[in-house]
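Novice: Taking the hints into account, I'd like the entire structure generated from these sequences.
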Amino acid sequence: MIQFILLISRQGKTRLKKWFVPCPERDQFRTIKEVSSLILSRSPKVCNFLEWRDYKLCYKRYASLFFIACVEGNDNELLALETVHHFVECLDRYFGNVCELDLIFNFHKAYYILDEILISGELQESSKRAVLHHISEQDAMMQENEQAKRKG
Amino acid sequence: MLGHDASFAYIHAVKLTHEKNLFAKRIGYLTCNLFLHRDHELMLLLINTMQRDLQSANHIEVCSALASVCRLVNVEMIPAISPLVFKLLNHPQEAVRKKAVIAVHKFFKIVPETVLDQKDQIRKVLCDPDPSVMGASLHVLCEIAKAHPAASKDLVPSFVSILKQITEHRLPRDFDYHRMPAPWLQVKLLSILGVLGTADKATSEHMYEILQECMRRADSGVNVGYAIIYECVKCITKIFPDHGLLELAASNISRFISSENHNLRYLGVTGLAQIVQVSPAYAAEHQMVVVDCLEDPDETLKRKTLDLLFRMTNPQNVVVVVDKLSFHLRTSVDSHLRRDLAQKITSLAERFAPDNEWYVNTMNTVFELSGELVPAETAYNLMRLVAEGTGEDDAADNAFRVFAVNTYLKAGRQMLCKNTYPDRGVPGREN
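Line by line, the protein sequences give chains A and B.
Residues 1 to 152, numbered by full-length UniProt numbering, are exactly what the first sequence covers, in order.
Residues 1 to 431, numbered by full-length UniProt numbering, are exactly what the second sequence covers, in order.
In short, the hints are calculated from the structure, not lab data.
These numbers come from a predicted model, not from an experiment.
Do not take every clue at face value.
[What the hints assert, rightly or not] Derived SDA-like pairs (lysine to any residue); straight-line CA-CA distance at most 20 Å: (1) A:Lys109 with A:Arg93; (2) B:Lys302 with A:Asn74; (3) B:Lys302 with A:Ser41; (4) B:Lys302 with A:Tyr55; (5) B:Lys302 with A:Arg42; (6) A:Lys45 with B:Val289; (7) B:Lys153 with B:Tyr177; (8) B:Lys109 with B:Gln93; (9) A:Lys60 with B:Glu260; (10) B:Lys15 with A:His108; (11) B:Lys15 with B:Ile47; (12) B:Lys234 with A:Glu72; (13) B:Lys109 with A:Tyr55; (14) A:Lys128 with B:Pro172; (15) A:Lys56 with B:Val333; (16) A:Lys128 with B:Lys146; (17) A:Lys109 with A:Leu91; (18) A:Lys60 with B:Tyr177; (19) A:Lys60 with A:Arg42; (20) A:Lys33 with B:Val333; (21) A:Lys45 with B:Leu294; (22) A:Lys45 with B:Lys302; (23) A:Lys45 with B:Asp292; (24) B:Lys146 with A:Asn74; (25) A:Lys128 with B:Val222; (26) B:Lys344 with A:Asp54; (27) A:Lys56 with B:Asn261; (28) B:Lys410 with B:Leu369; (29) A:Lys45 with B:Asp296; (30) B:Lys302 with A:Asp54; (31) A:Lys17 with B:Asn33; (32) B:Lys302 with A:Tyr94; (33) A:Lys18 with A:Leu114; (34) A:Lys56 with B:His336; (35) B:Lys109 with B:Lys146; (36) A:Lys60 with B:Asn261; (37) A:Lys56 with B:Pro297.
Specialist: In structure tokens:
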């Protein structure tokens, strides 16, 4: 299963982090620092997998963001990369040509989409259409609630 | 999230989840998911809200609560929450059923007994008409299969038939990802089949045909196809060996290992390491490529190649392999890698040493380079060998003891300067 997902910018700022195993805050920050320094120093010509402690880090760079997924030793690494790519494609469909700014200003929506795709470290939905359908249902319901609140 | 402490806000997040307003509720749950963890003291406040939301009529509230359950549940909460979740396995909305199944998966990891009592319900989910729900049930079934393989063997025909349906494109088009039908489901099914077919000829025979078909169809030139092929290779090396399938797996791996793409080379090396464990003959044709990978500037590839070399060792090439491993032990700085290398060299030396002098020399090198990472039994074994000899030939044994004592005297002198040896030289001097 996936242990955590991290999005960091080229300068090392965290844009999104989601841990699927319990991990105290201090350890999370220590891990983020270690992992970012390891990955930001990799050259573009090497493979996208890295062994770190007992786990494997699968990362991919999309424009100015690094998407990192940490998987266990016996997981399929190429599939983890594809999971990350699936997440990026959903973000792209939802925001329409997504860029880092979209993720900065709408990070809560990015988390909602991540929650629809990955739960407890495993992929729950591999159909982009279903993911976006659920998210738009939830958005519509939230908007209805907002309008009702404003009227009432 | 960006490093500022936000603990003042946690209690407000919990209060938000009590709100009726869906917007506030979702934000409350999201914040709790991000900041709380299962042993946090505010969890008690959340349990009641989650129980209420799990029974709510609004399926979106149920979904938010289920997502939090998956993230935050702990041992004390399970008796309270699990009956509600099991009831939700029959909810009309497939999104709810899907999340409920994954919550069940989480329960299994924490307290397996809760789930094993309800095995029949979970098996029913496997036959769910919605493919996403069926896919989610595979995660639980995989864990159950790993824990109790014998009990799950009767499901093998169902898994094989589901895999067949997927590869024949019988799922809705939405599940196609880059023209590959439902790759995640395929990989998960393959890993379950691998677990269930281990060392069992009858069960494995059911799978040979579908494995061949799966590998053939996955060969499409997309990354996802390669991922499926890699998983097939892993499965083939785990189940009862079949010559034809191993040939097919080996030919695919040769393609990976000689490709330009770094990721494919990595997968090729890892796959070859697993094939070699089942049948060492396949390693011979790729020895040159493996040596090339060892000189590659990519750190990850080098490590994987060292792992492959370790598995490929036999009495003929042990000296060369241990040389390479010692060289990397000397030059590397990462403590995990060094401990790993020290263990590998020790185990190879104990299994395949061509003669005792070489064994002593190799062990001395390991102690010198990484003494603190080697367990004490290794040193005791070595000392026992020196003290008792091999029992075959007294004269040879004596000569060996003299040789060992000389090397330790030399090392002892160096130790007085460097202080890296944990007191090994002393027993040698007694002789």
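Novice: Each hint needs a verdict: does it hold in this structure or not?
Specialist: So, going through the hints one by one against the coordinates:
1. A:Lys109 with A:Arg93: Between Lys109 of chain A and Arg93 of chain A the Cα gap is close to 13 Å, so the pair holds against 20 Å.
2. B:Lys302 with A:Asn74: Holds, at about 19 Å.
3. B:Lys302 with A:Ser41: Within the cut-off at roughly 17 Å; holds.
4. B:Lys302 with A:Tyr55: Roughly 17 Å between the alpha carbons, so the hint for Lys302 of chain B and Tyr55 of chain A holds.
5. B:Lys302 with A:Arg42: Within the cut-off at roughly 15 Å; holds.
6. A:Lys45 with B:Val289: holds (19 Å)
7. B:Lys153 with B:Tyr177: violated (30 Å)
8. B:Lys109 with B:Gln93: violated (25 Å)
9. A:Lys60 with B:Glu260: holds (18 Å)
10. B:Lys15 with A:His108: It holds: about 18 Å lies between the C-alpha atoms, which stays within 20 Å.
11. B:Lys15 with B:Ile47: holds (12 Å)
12. B:Lys234 with A:Glu72: Holds - the C-alpha atoms of Glu72 of chain A and Lys234 of chain B are around 15 Å apart, at most 20 Å.
13. B:Lys109 with A:Tyr55: Holds: Lys109 of chain B and Tyr55 of chain A sit about 19 Å apart, inside 20 Å.
14. A:Lys128 with B:Pro172: holds (12 Å)
15. A:Lys56 with B:Val333: Holds, because 18 Å separates the two Cα atoms, which is no more than 20 Å.
16. A:Lys128 with B:Lys146: The hint is violated at about 30 Å.
17. A:Lys109 with A:Leu91: The hint holds at about 9 Å.
18. A:Lys60 with B:Tyr177: holds (18 Å)
19. A:Lys60 with A:Arg42: holds (11 Å)
20. A:Lys33 with B:Val333: holds (19 Å)
21. A:Lys45 with B:Leu294: holds (16 Å)
22. A:Lys45 with B:Lys302: Between Lys45 of chain A and Lys302 of chain B the Cα gap is close to 14 Å, so the pair holds against 20 Å.
23. A:Lys45 with B:Asp292: Holds - the C-alpha atoms of Asp292 of chain B and Lys45 of chain A are around 16 Å apart, at most 20 Å.
24. B:Lys146 with A:Asn74: The hint holds at about 13 Å.
25. A:Lys128 with B:Val222: Distance of about 18 Å is within 20 Å: holds.
26. B:Lys344 with A:Asp54: Roughly 16 Å separates the two Cα atoms, so the pair holds.
27. A:Lys56 with B:Asn261: Between Lys56 of chain A and Asn261 of chain B the Cα gap is close to 19 Å, so the pair holds against 20 Å.
28. B:Lys410 with B:Leu369: Holds, at about 16 Å.
29. A:Lys45 with B:Asp296: Answer holds: Lys45 of chain A to Asp296 of chain B is near 11 Å, not above 20 Å.
30. B:Lys302 with A:Asp54: Holds. Lys302 of chain B to Asp54 of chain A sits at ~17 Å (cutoff 20 Å).
31. A:Lys17 with B:Asn33: holds (11 Å)
32. B:Lys302 with A:Tyr94: Not satisfied, since the Cα-Cα distance of roughly 40 Å exceeds 20 Å.
33. A:Lys18 with A:Leu114: holds (9 Å)
34. A:Lys56 with B:His336: OK: Lys56 of chain A and His336 of chain B at ~13 Å, within 20 Å.
35. B:Lys109 with B:Lys146: holds (12 Å)
36. A:Lys60 with B:Asn261: Holds, at about 14 Å.
37. A:Lys56 with B:Pro297: holds (19 Å)
The structure does not agree with the numbered hints 7, 8, 16, 32 stated previously, though it agrees with the rest.
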